[in-house]
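J.: As a plain string of letters, each chain reads:
2 protein chains.
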Amino acid sequence: MNAIADKQFVDYIIEADWLAPVVPQRQLLEQHAIAVQDGVIVAIQPKNEIHRHFHAAQQLELDGHILIPGLINLHTHLGMSMMRGLADDVALMQWLQQHIWPVEQSFVAERFVRDGALLGCAELLQSGVTCFNDMYFFPQATAEAAIQSGMRAYIGLVVMDFPTKYAHDADDYLAKGLAIRDEWRDSDLIRATLAPHAPYTVGDKTFEQIVTYAEQLDLPIHLHLHETQQEVEESLTKFGVRPIERMRQLGVLDPRLIAVHSVAMNEQDLDLMQSHRVNVCHCPSSNLKLASGIAPISAMLKRDLNVGLGTDSSASNNRLDIWTEMRTAALLAKAQQQDAAALPAWQALEMATIHAARALNADSSIGSLEVGKRADICAVNLQHINSMPCYDPISQLVYACGREQVTHVLVDGELQYQKLSFQPGVYAGIEPTEIKEIVQLWQAKLKPFKAM
Amino acid sequence: MNAIADKQFVDYIIEADWLAPVVPQRQLLEQHAIAVQDGVIVAIQPKNEIHRHFHAAQQLELDGHILIPGLINLHTHLGMSMMRGLADDVALMQWLQQHIWPVEQSFVAERFVRDGALLGCAELLQSGVTCFNDMYFFPQATAEAAIQSGMRAYIGLVVMDFPTKYAHDADDYLAKGLAIRDEWRDSDLIRATLAPHAPYTVGDKTFEQIVTYAEQLDLPIHLHLHETQQEVEESLTKFGVRPIERMRQLGVLDPRLIAVHSVAMNEQDLDLMQSHRVNVCHCPSSNLKLASGIAPISAMLKRDLNVGLGTDSSASNNRLDIWTEMRTAALLAKAQQQDAAALPAWQALEMATIHAARALNADSSIGSLEVGKRADICAVNLQHINSMPCYDPISQLVYACGREQVTHVLVDGELQYQKLSFQPGVYAGIEPTEIKEIVQLWQAKLKPFKAM
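Quick note, the sequences are listed as chains W and D, same order.
End of the first sequence = 495 in our numbering, gap-free, step of one.
End of the second sequence = 495 in our numbering, gap-free, step of one.
Here chain W stands alone, though its shape is the one from the complex (with noise of 0.2 Å):
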């Protein structure tokens, strides 16, 4: 009799102590592992079942790790990554006139957001990010980066009315946009937006046609929305009505809607983004460091609105860090509240992954580990003297660690980024198993304390 046989054969089996799934919401499964198979997750279960079923090529025993679905950056221009620093500290017209506009009539081309892409990819995919969602001047190019960091993108066919060295009208950038489409239509990774750059570069016929594309082809609307209060005015001015009414009138307000920043509300912007399901993408760093403001995403969250989490660019960032995010949009949230109990860290884990994967109309493949869906997953160590000690897992993630505690990073079922030898630094006078020891100690004694 050969045991083996009744098994099935996977590609990998990664053990860890815990296991977020997100979905279901709030289940924390502990010493529990995944098998992983083309590409997709065929099993969840208990570390000492897992081998009585499947036989694994690579097996991961990941000890004082958890693992979470992969990451995703629902707004980003990786493109912009060479402009991070470039231009600090000073204030908005003066920073995109004298720094991010002459830079790009001067460099912008193929190989410049190529690079910028990897850069850009790279720091992402050591985050734990598995899926991005762009915008930038020759899109192609953030695609081949995307291909060769081995990450999920969807590429947004960006769109203006105004001529740059990208495309030199509204018809071009589509034609060209449409072409990229269907050049990577058979990829597992890539899927397209399309990508109008805002209410005040796109054009009234310009914003129908893309209406008509998004439902014709199903792609989601990846837009710039009410980010400032001066947008909202400029559109009042010129329109007679704030943007997001326009918006209404021209059929863009559709659950197909990623609205990012959403910054400028007021209730009625929020009702009509309510009752048109629209989803809105909260870049909180972004926001602040532009002195754009605050977004009302605990209104948004009360309507029971689509919150997704974006770094925006590394030029208004400038960190690529959906860890920041996290924890600075559950921050500020309790803040805006009054309530030290607004946005909890699982809201803030959700936002990061399931939230995003429903805003690209992706949540029946991607934002969650559950048997069937593709195997985006992140693993990060626990075991580090930042996020000691550890009673509650989801808690740490999002308030205490920082993106250098992941360490495996799985997209579509492939290892595209490891840190080996991952190692603690050396003090003259504290021995980290000492501090190990004495945390696990007390953790045990104040564990009755414990928030449930």
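Among the hints, a few may not be true.
Since the list gives no way to pick out one identical chain from another, each pair is judged satisfied if it fits inside one copy or across any two copies.
What the hints assert, rightly or not - Straight-line Cα separation of at most 35 Å, DSBU-like style, residue types lysine-lysine; simulated pairs: (1) K493 x K281; (2) K90 x K281; (3) K208 x K479; (4) K219 x K479; (5) K493 x K462; (6) K219 x K493; (7) K208 x K281; (8) K462 x K90; (9) K208 x K488; (10) K208 x K490; (11) K493 x K90; (12) K488 x K50.
Just so you know, the hints here were simulated from the structure itself, not pulled from any lab data.
Position chain D against the provided structure of chain W, taking the given hints into account.
T.: Below, chain D alone, put in the same frame as chain W:
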């Protein structure tokens, strides 16, 4: 002729690509080195000159690194470190009454505080913090942990007007505190502060005693002040004045005072702080997380108040990470002032170094890299995927870097932490060397567009 005979022997020469002394303001030295002897900075010279004058027992050649003054955490409670993550996302009173206070009732004693403080020191040191300003029960135990870790510490001699496991009344707190001060008075690293907990836990008579001791012994006063609106309202009910006005009447407002939090402030409160030249400790993460609000830092800086940064305890933050506080302070100030130029990176770095030193009345010996000052030095690796390209190292420190990029930490001339074999992760599709090369290429082209 023996060239070495003309040279001064020193303990360390540390060479780096950049050096930010912080004093003089906004100076950035390139390709410089520091010579350290007997705990003191004896020279700061160009790399290619320093070896003509000094011969070092140990030499650190830190390519791609920047040297900055050791960071100062101006407000923490290291003894609480074992409570990290025990009760997040719960309202303030529930947090205190159901979790923090019961744990303190059950466990707070010498050993609990020593172990927590040691964990805290380990976290602080690896993030480049060389000095912390603490307030907690059993301060003796915190001092012991600092000594073991080799850290500089300002130990708060905590005082309250109600009994705890540490002391039974105000006189007992004071007597215990002053005995601790006496015990450590010859230490190079340990200093004392008088630490009345808060206006709502300390009575008038006790404050008067503390003011007398502060003058006689020339000690700073470390006090939570105006953390919440509730604190202000309760004071109005009980004393008929706001806490800060009561502190003025009691003689507490003074350049000796470090007022922590200062969130619930009106114009008159700010006037009082300004006219009495009070120091402020800003703890942005803690204030957001406990839903206290956002301190009016921009208004304080406009009044030329001296403002440092603190993490607060890992029970309320939960990162003992001054890097996050620098970034959060800068970002919040921009949104608060609706000006992207507000609280620039340089100012954030000053808050975490020389301003904090000034608050502790220690700016003649620490807080900057200057000849004659104590050698509290932090080395940061900027050659990291997360901080490429690098047009402005100070911008990178505040907006892009994380504490994981700290590689060497000297306190009082001793190497107390180093990260050996700092290895980047391994990507399946990305070659880190290629990333470095393409970044160098673009950085050279874009540099002329950099903001000054």
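J.: Run every hint past the structure and note whether it holds.
T.: Now the hints, each set against the structure:
In this homomeric assembly, K493 and K281 come within 35 Å of each other (Cα to Cα) only across copies, at 34 Å, whereas the closest approach inside a single copy is 55 Å. Proximity of K90 and K281 under a CA criterion of 35 Å is satisfied in neither setting, with 62 Å inside one chain copy and 59 Å between copies. With identical chains, the CA atoms of K208 and K479 are at most 35 Å apart between copies only, with a shortest distance of 26 Å across copies and 56 Å within one. Within a single copy, K219 and K479 get their C-alpha atoms only as close as 56 Å, which misses the 35 Å cut-off; across copies the closest is 31 Å, which meets it.
Proximity of K493 and K462 under a CA criterion of 35 Å is satisfied in both settings, with 32 Å inside one chain copy and 33 Å between copies. Taking the closest pair of Cα atoms, K219 and K493 come within 35 Å of each other only across two copies (31 Å); inside a single copy the shortest separation is 56 Å, beyond that limit. For a Cα distance limit of 35 Å, the shortest separation of K208 from K281 inside one copy, 27 Å, qualifies, whereas the shortest one across copies, 68 Å, does not. Taking CA atoms no more than 35 Å apart as the test, K462 paired with K90 passes in both settings, with 23 Å inside one copy and 34 Å between copies.
In this homomeric assembly, K208 and K488 come within 35 Å of each other (Cα to Cα) only across copies, at 18 Å, whereas the closest approach inside a single copy is 64 Å. In this assembly of identical chains, K208 and K490 lie within 35 Å of each other by CA distance solely across copies; the values are 21 Å between and 60 Å within a copy. For a Cα distance limit of 35 Å, the shortest separation of K493 from K90 inside one copy, 26 Å, qualifies, whereas the shortest one across copies, 53 Å, does not. When the C-alpha separation of K488 and K50 is checked against a cutoff of 35 Å, the pair qualifies neither within a copy, at 42 Å, nor between copies, at 57 Å.
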